[in-house]
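Protein sequences appear in the order of chains P and H. Position in the first sequence (first residue = 1) + 6 = the numbering used here. Position in the second sequence (first residue = 1) + 6 = the numbering used here.
Hint data in this document are derived by calculation from the structure and do not stem from the laboratory. Some hints could be false.
A pair counts as met if it fits within one copy or between any two copies, since identical chains are not told apart.
Claimed, not checked - Below 30 Å or equal to it, Euclidean Cα-Cα: the simulated DSSO-like pairs (lysine-lysine) are:
(1) LYS124 - LYS110
(2) LYS373 - LYS326
(3) LYS205 - LYS110
(4) LYS171 - LYS407
(5) LYS407 - LYS110
(6) LYS373 - LYS328
(7) LYS326 - LYS407
(8) LYS110 - LYS171
(9) LYS407 - LYS373
(10) LYS110 - LYS373
(11) LYS205 - LYS124
(12) LYS373 - LYS171
There are 2 protein chains.
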Amino acid sequence: MSPNAEIICVGTELLLGEILNTNSQFLGQELARLGIPHYYQTVVGDNLVRLQQAIAIACQRSSLIIFTGGLGPTPDDLTTDAIATFFQAPLVERPEIIADIQQKFAHSPHALSANNRKQALLPQGADILPNETGSAPGLIWEPRPGLTLLIFPGVPSEMQDMWCKTVVPYLKKQGWGDAQIYSRVLRFFGIPESNLAEKVAPVFDLIDPTVAPYAIDGEARLRISTRAASEAEAAAIIAPIEQQIRQQCGVDCYGADADTLASVVGQRLLERQETIAVAESCTGGGIGQRLTAIPGSSGYFVGSLVAYANNIKVDLLGVKSKTLDEAGSVSAAVAEQMAEGVRSQFGSAWGLSTTGIAGPGGGTPEKPVGLVYVGLAGPQGPPQSWSYQINALPGRDWIRKISTSRALDVLRRQLL
Amino acid sequence: MSPNAEIICVGTELLLGEILNTNSQFLGQELARLGIPHYYQTVVGDNLVRLQQAIAIACQRSSLIIFTGGLGPTPDDLTTDAIATFFQAPLVERPEIIADIQQKFAHSPHALSANNRKQALLPQGADILPNETGSAPGLIWEPRPGLTLLIFPGVPSEMQDMWCKTVVPYLKKQGWGDAQIYSRVLRFFGIPESNLAEKVAPVFDLIDPTVAPYAIDGEARLRISTRAASEAEAAAIIAPIEQQIRQQCGVDCYGADADTLASVVGQRLLERQETIAVAESCTGGGIGQRLTAIPGSSGYFVGSLVAYANNIKVDLLGVKSKTLDEAGSVSAAVAEQMAEGVRSQFGSAWGLSTTGIAGPGGGTPEKPVGLVYVGLAGPQGPPQSWSYQINALPGRDWIRKISTSRALDVLRRQLL
Numbered sequence: 007m008s009p010n011a012e013i014i015c016v017g018t019e020l021l022l023g024e025i026l027n028t029n030s031q032f033l034g035q036e037l038a039r040l041g042i043p044h045y046y047q048t049v050v051g052d053n054l055v056r057l058q059q060a061i062a063i064a065c066q067r068s069s070l071i072i073f074t075g076g077l078g079p080t081p082d083d084l085t086t087d088a089i090a091t092f093f094q095a096p097l098v099e100r101p102e103i104i105a106d107i108q109q110k111f112a113h114s115p116h117a118l119s120a121n122n123r124k125q126a127l128l129p130q131g132a133d134i135l136p137n138e139t140g141s142a143p144g145l146i147w148e149p150r151p152g153l154t155l156l157i158f159p160g161v162p163s164e165m166q167d168m169w170c171k172t173v174v175p176y177l178k179k180q181g182w183g184d185a186q187i188y189s190r191v192l193r194f195f196g197i198p199e200s201n202l203a204e205k206v207a208p209v210f211d212l213i214d215p216t217v218a219p220y221a222i223d224g225e226a227r228l229r230i231s232t233r234a235a236s237e238a239e240a241a242a243i244i245a246p247i248e249q250q251i252r253q254q255c256g257v258d259c260y261g262a263d264a265d266t267l268a269s270v271v272g273q274r275l276l277e278r279q280e281t282i283a284v285a286e287s288c289t290g291g292g293i294g295q296r297l298t299a300i301p302g303s304s305g306y307f308v309g310s311l312v313a314y315a316n317n318i319k320v321d322l323l324g325v326k327s328k329t330l331d332e333a334g335s336v337s338a339a340v341a342e343q344m345a346e347g348v349r350s351q352f353g354s355a356w357g358l359s360t361t362g363i364a365g366p367g368g369g370t371p372e373k374p375v376g377l378v379y380v381g382l383a384g385p386q387g388p389p390q391s392w393s394y395q396i397n398a399l400p401g402r403d404w405i406r407k408i409s410t411s412r413a414l415d416v417l418r419r420q421l422l
Numbered sequence: 007m008s009p010n011a012e013i014i015c016v017g018t019e020l021l022l023g024e025i026l027n028t029n030s031q032f033l034g035q036e037l038a039r040l041g042i043p044h045y046y047q048t049v050v051g052d053n054l055v056r057l058q059q060a061i062a063i064a065c066q067r068s069s070l071i072i073f074t075g076g077l078g079p080t081p082d083d084l085t086t087d088a089i090a091t092f093f094q095a096p097l098v099e100r101p102e103i104i105a106d107i108q109q110k111f112a113h114s115p116h117a118l119s120a121n122n123r124k125q126a127l128l129p130q131g132a133d134i135l136p137n138e139t140g141s142a143p144g145l146i147w148e149p150r151p152g153l154t155l156l157i158f159p160g161v162p163s164e165m166q167d168m169w170c171k172t173v174v175p176y177l178k179k180q181g182w183g184d185a186q187i188y189s190r191v192l193r194f195f196g197i198p199e200s201n202l203a204e205k206v207a208p209v210f211d212l213i214d215p216t217v218a219p220y221a222i223d224g225e226a227r228l229r230i231s232t233r234a235a236s237e238a239e240a241a242a243i244i245a246p247i248e249q250q251i252r253q254q255c256g257v258d259c260y261g262a263d264a265d266t267l268a269s270v271v272g273q274r275l276l277e278r279q280e281t282i283a284v285a286e287s288c289t290g291g292g293i294g295q296r297l298t299a300i301p302g303s304s305g306y307f308v309g310s311l312v313a314y315a316n317n318i319k320v321d322l323l324g325v326k327s328k329t330l331d332e333a334g335s336v337s338a339a340v341a342e343q344m345a346e347g348v349r350s351q352f353g354s355a356w357g358l359s360t361t362g363i364a365g366p367g368g369g370t371p372e373k374p375v376g377l378v379y380v381g382l383a384g385p386q387g388p389p390q391s392w393s394y395q396i397n398a399l400p401g402r403d404w405i406r407k408i409s410t411s412r413a414l415d416v417l418r419r420q421l422l
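Just chain P, same shape as in the assembly (with noise of 0.2 Å):
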């Protein structure tokens, strides 16, 4: 069997929805760094007979199979006795994890609990994986030859910093990941993805480097991969793809990999010299968000309003009454003056805005729900303004993340 990994997330809060499965995504893009295959992932409840059952049919495809969750301090958690029955491994108890649940709590306001001396027991043969930041330690463990396990607890920022600390290096010491797989994501805004799909289309049928399309929070992106020794040999492959892809497609294509419309805009402030500030209804402090997401926004964000009252426009922003009477809250001139607004009491020397229905309530045939409208005022000319209509079916949380990127798509345009 050639190498390759499966990932196995253990929880029946996971199949019950009770919370989103992070770590999947976060050993995913681990993984595919690594140049490691993974071919599957499987999620499984907190039980004994099914979770042996996945290690069984994950123990015939994979060599490197790694778990996350079921190490916890709670009865339900049964990972270390699944596997450790599955492989017919007695556990032990390590005084070194007692000792070190001890110290972690000496300065804890909470006393060291009984049900953490359960994390002390581990299959004898196993490693120590170490948890710095919580309780429960992961293992590392060789349970035949050409089997390798790696358990990690299901708490999202201890397993990440495990895997940092000391999965990566011990994985690259086994000769894992000696030709990674590089991958650069194109990022499209404004754009569907099966007609960015059509625009592109013989690029699909590349051998190398290959590009995949996909959608996501309505944006259409198009990754281009390729398998290579070096960062440097990858981008040859992959450059002369994106060049031609990026000039198919012009603007529509705001940036790569990490890039988010709030970076681009940043960038671009910083490049300009210029400030922004931004006077939100609808999006509630959503755009404030993920501008201030970006470290090193105060650079050029400086700051927003977000003016849910009617009298907040009037009284912080300067919004006419009159204005607000006659073509009401959710309107082009609204919008266009909280912009010019925002941008006056703060000082910056752009301002966006948006004002618009997010729903459930508030719809009227002629100002539906979705209908959103954004603002800008810049350094000349009078404020402008755009009306989407956003697709209300998704909800309330789909047209404010929707609008959010609409007036980030906006400001991106206007500074290219």
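Use these hints to put chain H onto chain P, whose structure you have.
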């Protein structure tokens, strides 16, 4: 085999971690709500052989298999092919699908893509699962007695719409979901999961209802579950245990089920007929965004001001320059002045503020990354502040998220 469901999500982008698997979460919640047992979730890439292997495994252990993804218009969308090949059914073009897609594209600025025609091919004997909000229809198919396949596109909004409109009525008609599992999730803030688990330990031994703990986003939760024929029957079983847990845990339990810190705060403000305005620094708009995520929040949320630049703190919130110079922008005094300033500027009953160091840069030995002050000004007495040292290891997003929760929790406790 007793009836049980399994989820197979198809897409290399999921394996590569490029998108979060929200479809599994939604389907898990829905299956739980309908009382359909569901023991496994699998993710597999856009690969015909491995997709068929995943189908082979699922057929052996589940009687209802739900697929998402791989129905799109692009060449790497293989789900229909894989299923038809596995069950040896020919693909047949359905003219009604072509007609439907043509009609959907009639009013679009984007032309019907040739790729879209591929979406009209269905295995012989399968029924069309209508997709009102996107181009790719799904399918419902019983390829052999006792095995039902439901196949959805991967776009979450389309899948959810199709699930609710067509599949839920279909499943009920087929006799799925007679005795539903009813769960109630109690939500806690301010107590770690292991301490909560120790405090309420005896409830984990209960047979009916069952109680299980888990942790997410800095919150601990307890899920109380029972299988019952009606909601009233379930409530009678769950309520006494809920009451017992709430008595033991007091104010650390902030709500249940769909409650969030923001919704609970909103509910209390509505009851008290009081309003809130927010001044944010390190949280960058997150508090406003969470408060306005609640429909009807305009009943108590007046607005917020993100004062990122120091001069905005002075000019628009009335923070004293002297205080900024002497105590620094991340300080108890500035948090209090921000809270009082926004309360007075916006004319609200309460003013809530945050100022802190979200990182990755900007930390010092005295004021490390993760230090956050929450300020609160209310109708009575002088403004107060609270400081928190948030675990900086998970990074900027985590610090901002937990700071937002801390601020909402401060307000929640004051409103009790």
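Checked hints:
no.	hint	verdict
1	LYS124 - LYS110	within (16 Å within a copy, 58 Å between copies)
2	LYS373 - LYS326	within (20 Å within a copy, 43 Å between copies)
3	LYS205 - LYS110	between (57 Å within a copy, 19 Å between copies)
4	LYS171 - LYS407	between (34 Å within a copy, 24 Å between copies)
5	LYS407 - LYS110	between (40 Å within a copy, 24 Å between copies)
6	LYS373 - LYS328	within (19 Å within a copy, 48 Å between copies)
7	LYS326 - LYS407	within (28 Å within a copy, 36 Å between copies)
8	LYS110 - LYS171	within (18 Å within a copy, 51 Å between copies)
9	LYS407 - LYS373	within (19 Å within a copy, 34 Å between copies)
10	LYS110 - LYS373	between (57 Å within a copy, 22 Å between copies)
11	LYS205 - LYS124	between (57 Å within a copy, 17 Å between copies)
12	LYS373 - LYS171	between (53 Å within a copy, 25 Å between copies)
The structure agrees with every numbered hint stated previously.
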